[in-house]
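J.: Residue numbers (this note's numbering), protein chains in the order written: chain A, 333 to 842; chain B, 938 to 1048.
These aren't lab readings, by the way, just hints derived from the structure by calculation. Note that the structure is a prediction, hence the values are computed from the model and not measured. Note that the Cβ used here is the ideal one computed from N, Cα and C, for glycine as well. Certain hints may be false.
Said to hold, decoys possible - Derived BS3-like pairs: lysine-lysine, alpha-carbon spacing no greater than 27 Å straight-line: (1) B/LYS1012 x B/LYS1033; (2) B/LYS946 x A/LYS367; (3) A/LYS360 x B/LYS1043; (4) A/LYS682 x A/LYS560; (5) A/LYS709 x B/LYS1007; (6) A/LYS367 x B/LYS1043; (7) A/LYS511 x B/LYS1033; (8) A/LYS560 x A/LYS635; (9) B/LYS964 x B/LYS1012.
Said to hold, decoys possible - Pairwise CB distance ranges, derived in the manner of DEER restraints: (10) A/GLU696 x B/TYR1024: 34 to 42 Å; (11) B/ASN1019 x A/ALA388: 51 to 59 Å; (12) B/GLU991 x A/GLY373: 30 to 38 Å; (13) B/SER1025 x A/GLN697: 40 to 48 Å; (14) A/ASP366 x B/GLU980: 38 to 46 Å; (15) A/GLY531 x B/LEU959: 14 to 22 Å; (16) A/LYS396 x B/THR960: 41 to 49 Å; (17) A/ILE345 x B/LYS964: 51 to 59 Å; (18) A/GLY662 x B/ASP1016: 49 to 57 Å; (19) A/TYR615 x B/THR960: 34 to 42 Å; (20) A/ASP728 x B/LEU959: 44 to 52 Å; (21) A/ARG554 x B/ASN1019: 21 to 29 Å.
What the hints assert, rightly or not - One side of the interface only, derived from the structure: several residues of chain A facing chain B at Cβ under 8 Å: (22) PHE362; (23) PRO530; (24) ASP536; (25) ILE579; (26) GLY606; (27) ALA810.
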Amino acid sequence: MSATITAPAYRIIPIIPALKPGAMEDSKSFVANDKIQEALGFPGQLVDDWHDRALARMGELLGKYRSLKVFLDACVHCGACSDKCHYFIGTQDPKNMPVARQDLLRSVYRRYFTLPGKFFPKLVGARDLTREVLDEWYTYFYQCSECRRCSVFCPYGIDTAEVTMAAREILDSVGYGQKYSNEIIGKVHRVGNNLGLPGPALLDTLEGLEEDVKEATGIDVRFPLDVKGAEVLLVTPSADFFAEPHIDSLIGYAKVFHATGTSWTLSSKASEAGNFGMFIGNYDQLRKIAMRIREAALELGVKRIVVGECGHAWRVAYSFWNTLTGVGDGADANDKFAMMLQKQLDHRYKQPLHICEFTWDMIEQGALSFDKEANDKHIITFHDSCNVARGSRMGDYPGGQFEIPRNIIKAVANNYVEMPLSTTREQTFCCGGGGGLLTDDLLDLRVKGALPRMEVLQQVVDEHGVNFMATICAICKAQFTKIMPIYGFDRRMIGGVHQLVSNAIRLGNK
Amino acid sequence: MSSIEVDGKNYETDEEGYLTNLTDWNKEIANYIAQVENINMTEQHWEVINFLREYFEEYQIAPAVRVLTKAIGKKLGADKGNSEYLYSLFPYGPGKQACKIAGLPKPTGCV
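Let the sequences and hints guide you as you build the complete structure.
T.: What follows is the structure in structure tokens.
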């Protein structure tokens, strides 16, 4: 399976790589079958009149999202974005240059929605929508992780992820969906989370964790589930219940709540923070998935909603939950349940709150103390996750989303090293598995897309002996665990910020 | 749909070789899938596969990696109750590879 996939060589001088046209044209993730598609209300397979329906859907999106029209009109092909994409750097396929990827859609937009394109298509780079073009959309828009690093460098501020989302939405609307993302969304609706973890299994797992922590520390740290009247509802990616190293951060959250005497609960209904509706650019799915959290919050009567270590979930929570569900200000005044939730939540606190904000607040208030030596075996660096870095914020000052996780690490550990600034904070590189690409059928792409991050990790490993890369995203954790061994790193080098908190936190006697 | 042929019978799988119908599973199929995955099934492998199937029967999902390591540790001794041991048996990752051989659906999401 993985035998044929090898890591590309590190670049000696990290400049624009030589082009390899068509290098990734065969890298295509599995197409969703009719069962998966129909469960989400999409056509089961490619419809006969896909051409007209795709253009009609594009027209609808252009009418609905003015931003999309601006992004499709504004590009002047200056090329500032071209070498900023990790997938282009790793694959050398020119269609993975952000400008070229967007042009796959833009050229069709020009042909059917602009005057020059209608009359003089060749002069303005406009293309007919053919079956080949449609296939090309599927192939290359599922080679974009919607990380938005290219947008940081775009002089016009074009949000390329939004173009990718629009393309995926058009594809879904004609019955051409991706198996990985759409199967997962189906599971959220059917079972309650991306993993398909039913309530009883969740309960069993949490009880097991209580035993483990008791055994390791001698302290009864609870992992409460569906507790009505709890103060805090913690919503976290379901991978935190299942995978390694994710679960170590879940233990960290529980210890923080325990040590600060916070009453909290998980919810079997909202047992997933992730929201793949964003990845496929479908507003209805985005809202429907987010709505589970509101329902759980209302049922449980919680006063605060805290989000665990999940990159895109935090973007959805921070940027969209307010209008989608009424967590935070801005919901429709006629949305009865949103107003109900607004009344219920305690507005002395930020709503929603990131677990890192919660922990850092508590550290600043002196409510937590640590044995930092417990992390002395680690020389730590921090990988900023794209959706946290470029799609959200933490704290009450610009850049809080960069400082707060780092502050926590420095509060719980003695050895911390930064990777080069051109690859962190708002310029961070995607892990290579974000945006709905964390699937085995795209492993080759994922390995190649991790190249720029692996290059600088190698640098701090060589120069400073770094042996632990902390991050706050379930996708980053799973992706790195999988691909780092292919680059010659130990998979246990990757872990969560709250895993480090968990190692060092003092429970019981302070 | 893809399929595999074992002992002259065809069984439906998904694109990645996971059995579509969980009730189709039997030991011969497990051996066949393991062979495709370059795994030589030993008693140690079967211990894991059997536990996965028992757990699935009760909870309708594969166990979390931690639940699995704990159960294996209890059964086979603490030195085997860790994910390194599981990775040594199932190099592609105990979650996915072992599930495939056990005839269980693939764990999805950010795992």
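J.: At the C-beta level, are A/ASP728 and B/LEU959 separated by a distance inside 44 to 52 Å?
T.: Cβ of A/ASP728 to Cβ of B/LEU959: about 51 Å, so the range 44 to 52 Å holds.
J.: Would the hint on A/GLY606 stand, with a C-beta cut-off of 8 Å toward chain B?
T.: Hint on A/GLY606: holds, closest Cβ of chain B at ~6 Å, below 8 Å.
J.: Regarding A/GLU696 and B/TYR1024, is the given constraint of 34 to 42 Å on their beta-carbon distance met?
T.: Because 39 Å falls inside the window, the suggested range holds.
J.: Just to be sure I understand the hint, the distance between the Cβ atoms of B/SER1025 and A/GLN697 should be within 40 to 48 Å; is that true here?
T.: holds (45 Å)
J.: Within a Cα-Cα threshold of 27 Å, do A/LYS709 and B/LYS1007 meet the stated pairing?
T.: holds (24 Å)
J.: Between B/LYS964 and B/LYS1012, is the straight-line Cα distance small enough, at 27 Å or below?
T.: The given pair, whose Cα atoms are some 21 Å apart, holds under the 27 Å limit.
J.: Does the closest beta carbon of chain B sit nearer than 8 Å to the beta carbon of A/PRO530?
T.: Since the shortest Cβ distance to chain B is 5 Å, the answer is holds.
J.: In this structure, is the beta-carbon distance linking B/ASN1019 and A/ALA388 contained in 51 to 59 Å?
T.: This hint holds: roughly 55 Å between Cβ atoms.
J.: Just to be careful, I want the Cα atoms of A/LYS560 and A/LYS635 compared with a cutoff of 27 Å; is the pair within it?
T.: holds (11 Å)
J.: Given A/ALA810 as an interface hint, is the shortest Cβ-Cβ distance to chain B below 8 Å?
T.: holds (5 Å)
J.: For the pair A/ILE345 and B/LYS964, does the Cβ-Cβ distance stay inside 51 to 59 Å?
T.: Hint holds: Cβ distance 55 Å, inside 51 to 59 Å.
J.: For the range 49 to 57 Å, tell me whether the beta carbons of A/GLY662 and B/ASP1016 fit it or not.
T.: Between A/GLY662 and B/ASP1016, where Cβ atoms are some 55 Å apart, the hint holds.
No hint from the list above goes unmet by this structure.
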